[in-house]
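> Sequence:
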Amino acid sequence: MNIERVVKDRKQNLLEIQKQKQKFHDEIKQVRYKINEHLDTLEQRLLEDLYSAEKKVKSQLEELLAKLAENTEKVISMENNISAIKEYASDLQAFLGSKMIETEIQKYETFLQSLFDDGSLRIIDINCKIEDKITDILSTVTSLGSVSIESTSPLVSIKTGKEIQAQTKLIASISDITMTLQSKFQFNCITGCFFSFTGDAILVQDGYQRLLILKEDGTLKNEIPLSNSNPVDITCIDDKTVAISFPYSKQIQIIKVSTKTVDRTIQTAGNCYGLCYSYDNLLFCESGKGIQKVNMSDNCSSTLVKDNTLSAWSYVATSKDKIFYTNNSKHTVTCCSLTGEKMWEYKDQLVRYPRGIAVDKDLNVYIASPGNNSIVVLSSDGKQARKLLDKDDGIGNPFGLAFDVKKENLLVANYHEPALYRLS
Numbered sequence: 000m001n002i003e004r005v006v007k008d009r010k011q012n013l014l015e016i017q018k019q020k021q022k023f024h025d026e027i028k029q030v031r032y033k034i035n036e037h038l039d040t041l042e043q044r045l046l047e048d049l050y051s052a053e054k055k056v057k058s059q060l061e062e063l064l065a066k067l068a069e070n071t072e073k074v075i076s077m078e079n080n081i082s083a084i085k086e087y088a089s090d091l092q093a094f095l096g097s098k099m100i101e102t103e104i105q106k107y108e109t110f111l112q113s114l115f116d117d118g119s120l121r122i123i124d125i126n127c128k129i130e131d132k133i134t135d136i137l138s139t140v141t142s143l144g145s146v147s148i149e150s151t152s153p154l155v156s157i158k159t160g161k162e163i164q165a166q167t168k169l170i171a172s173i174s175d176i177t178m179t180l181q182s183k184f185q186f187n188c189i190t191g192c193f194f195s196f197t198g199d200a201i202l203v204q205d206g207y208q209r210l211l212i213l214k215e216d217g218t219l220k221n222e223i224p225l226s227n228s229n230p231v232d233i234t235c236i237d238d239k240t241v242a243i244s245f246p247y248s249k250q251i252q253i254i255k256v257s258t259k260t261v262d263r264t265i266q267t268a269g270n271c272y273g274l275c276y277s278y279d280n281l282l283f284c285e286s287g288k289g290i291q292k293v294n295m296s297d298n299c300s301s302t303l304v305k306d307n308t309l310s311a312w313s314y315v316a317t318s319k320d321k322i323f324y325t326n327n328s329k330h331t332v333t334c335c336s337l338t339g340e341k342m343w344e345y346k347d348q349l350v351r352y353p354r355g356i357a358v359d360k361d362l363n364v365y366i367a368s369p370g371n372n373s374i375v376v377l378s379s380d381g382k383q384a385r386k387l388l389d390k391d392d393g394i395g396n397p398f399g400l401a402f403d404v405k406k407e408n409l410l411v412a413n414y415h416e417p418a419l420y421r422l423s
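Numbering that gives the first Met the number 0 puts the first residue of the sequence shown at 0, with every later residue one more than the last.
Derived from the structure by calculation, the hints contain no laboratory data.
Treat the hints with care, since some could be wrong.
[Unchecked claim] No more than 25 Å apart at the CA atoms, straight line, and that leaves these computed lysine-lysine pairs for DSS-like:
1) Lys346 with Lys329
2) Lys220 with Lys255
3) Lys33 with Lys18
4) Lys341 with Lys405
5) Lys305 with Lys382
6) Lys288 with Lys321
7) Lys249 with Lys214
8) Lys405 with Lys239
9) Lys7 with Lys321
10) Lys22 with Lys54
11) Lys54 with Lys33
12) Lys341 with Lys319
13) Lys239 with Lys7
14) Lys329 with Lys249
15) Lys259 with Lys220
16) Lys382 with Lys346
17) Lys239 with Lys220
18) Lys7 with Lys214
19) Lys7 with Lys33
20) Lys321 with Lys382
21) Lys183 with Lys386
22) Lys183 with Lys18
[What the hints assert, rightly or not] Derived DEER-like restraints, expressed as beta-carbon distance ranges:
23) Glu62 with Lys132: 49 to 57 Å
24) Val6 with Thr258: 42 to 50 Å
25) Asp175 with Gln17: 41 to 49 Å
Don't be surprised by glycine CBs; every beta carbon is placed ideally from N, CA and C.
Turn these sequences into a full structure, and let the hints steer you where they fit.
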């Protein structure tokens with residue numbers, strides 16, 4: 000019922016808010032910790048400089064005081080000698096003694112003069128100036144950040160009776176679907192594919208560790224080398240960036256097409272395979288866990304569809320208010336709402352070891368079935384199915400699928416020689 004879906008959606012939103020609060024709480028504490036740690040390091044360094052300066056000045060002054068003490072003893076000794084000469088010495092002895100004392104006095108005066116000349120008697124001070132940028136923090140930095148509340152398009156939709164009737168009429172139309180081969184692309188080791196916003200075909204070439212961007216006739220338009228090995232699937236985030244899954248590295252890379260550089264990397268807890276993009280969220284299949292969701296604005300991640308049986312080489316697609324995904328080892332195709340509520344599951348000999356999945360404008364679901372080298376189409380309610388393409392039509396070990404809603408083209412990522420088909 001509509002009301003149950005709305006309640007579940009709002010409860011899910013509440014859980015997301017709690018997770019986001021905790022995430023940002025931890026980030027704030029981490030920033031504070033790093034600032035404190037950095038300031039502690041700066042303080043320790045400055046104190047070490049202060050102690051070193053004091054030690055240097057103290058050493059200089061103590062050395063000077065030692066010299067002065069030594070010369071003071073000499074002066075006292077001379078005074079005692081003068082008194083003795085006056086009292087006991089003959090005139091000759093007095094004359095000779097006075098000459099010796101006069102020489103010593105000249106040496107003492109020379110020593111005192113040298114203290115003025117070499118600056119030894121200058122007043123020494125220690126100065127410490129705190130960096131202006133540090134003190135400016137007290138007046139210019141008034142907050143660690145800001146908190147805002149944003150809203151995006153709802154993930155839950157409410158269907159009217161007329162919409163349900165219209166959908167029922169569309170379900171019966173899969174028997175009329177036919178595909179015509181348009182092009183074969185002479186590349187191999189292809190595991191994923193997608194259509195760019197301009198209609199170009201993008202292929203993931205696993206064995207060569209690169210992306211291939213092709214025109215509709217198969218002409219190579221561009222290629223992007225990838226930094227990691229074993230890429231699997233691709234989806235477009237916008238007209239400038241794409242996302243690539245690397246299951247064995249447990250990461251998803253966001254790549255800028257124009258510069259061929261990695262914009263950012265999303266680490267995943269497990270192996271990530273098929274992926275897609277919807278409403279500012281990146282969805283991906285994580286084996287042994289289910290369909291995961293990463294909000295591209297705040298990087299908050301969560302489990303959207305819990306499925307511990309989800310195997311490697313499973314793929315996912317979205318359209319309107321639904322999520323569709325394959326489970327390679329269970330031979331199933333599952334449909335869920337955007338809140339993760341299971342709506343139907345399809346399993347039949349017609350679909351064996353399903354991988355790639357794509358959806359057309361009428362919510363008909365296209366499945367890559369490598370177990371019998373075919374492409375199967377399912378009705379939007381998962382109740383009707385038929386083989387659409389097989390080996391005779393050029394299907395061989397298919398991996399990813401992509402559907403261009405505007406041109407009604409289906410891109411099949413055969414591992415050897417991917418192909419483009421048109422709805423007819």
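> Indicate, hint by hint, whether the structure satisfies it.
Verification of the hints:
Distance check on the hinted pair: Lys346 and Lys329 sit about 8 Å apart at the alpha-carbon level, within 25 Å; holds. Simply put, Lys220 and Lys255 have alpha-carbon atoms about 16 Å apart, close enough for the 25 Å limit, and the pair holds. Simply put, Lys33 and Lys18 have alpha-carbon atoms about 23 Å apart, close enough for the 25 Å limit, and the pair holds. For the suggested pair Lys341 and Lys405, the alpha carbons sit about 28 Å apart, so the restraint of at most 25 Å is broken.
The straight-line distance between the Cα atoms of Lys305 and Lys382 is roughly 23 Å, inside the 25 Å bound, and the hint therefore holds. Pair hint Lys288 plus Lys321 holds up; C-alpha atoms about 19 Å apart against a cutoff of 25 Å. Among the hinted pairs, Lys249 with Lys214 is inconsistent with the structure: their alpha-carbon atoms are about 31 Å apart, more than 25 Å. For a cut-off of 25 Å, the pair hint linking Lys405 to Lys239 stands: about 19 Å separates their Cα positions.
Proximity of Lys7 to Lys321 is assessed by CA-CA distance (about 15 Å); at most 25 Å being required, the pair is judged to hold. In summary, the hint linking Lys22 to Lys54 is not supported, as the alpha carbons are separated by about 48 Å, beyond the 25 Å threshold. At most 25 Å may separate the alpha-carbon atoms for a hinted pair to count; Lys54 and Lys33 exceed this at roughly 32 Å. Note on Lys341 and Lys319: the hinted pairing holds, with a Cα-Cα distance of about 15 Å set against a maximum of 25 Å.
Restraint check: the Cα-Cα separation between Lys239 and Lys7 comes to about 35 Å, which exceeds 25 Å; the hinted pair is violated. For the proposed pair Lys329 and Lys249, the alpha carbon gap of about 22 Å is at most 25 Å, so the pair holds. Distance check on the hinted pair: Lys259 and Lys220 sit about 14 Å apart at the alpha-carbon level, within 25 Å; holds. At roughly 10 Å between alpha-carbon atoms, Lys382 and Lys346 fall within 25 Å of each other, so this suggested pair holds.
The straight-line distance between the Cα atoms of Lys239 and Lys220 is roughly 15 Å, inside the 25 Å bound, and the hint therefore holds. Distance hint between Lys7 and Lys214 is unfulfilled; the C-alpha atoms sit about 43 Å from each other, more than 25 Å. For the hint linking Lys7 to Lys33, the alpha-carbon distance of about 39 Å lies beyond 25 Å, and the restraint is violated. With a C-alpha separation of about 16 Å, the suggested pair Lys321 and Lys382 falls inside the 25 Å cut-off, and the hint holds.
Taking the CA atoms of Lys183 and Lys386, the gap is near 20 Å; set against the 25 Å cutoff, the hint holds. Our distance criterion of 25 Å between C-alpha atoms is broken by Lys183 and Lys18, whose separation comes to about 47 Å. Between Glu62 and Lys132 the Cβ separation comes to about 38 Å, which falls outside the hinted range of 49 to 57 Å. At about 45 Å, the CB distance of Val6 to Thr258 agrees with the hint of 42 to 50 Å.
With their beta carbons about 48 Å apart, Asp175 and Gln17 fall inside the hinted range of 41 to 49 Å.
Hint violations for this structure: numbers 4, 7, 10, 11, 13, 18, 19, 22 and 23, all remaining hints satisfied.
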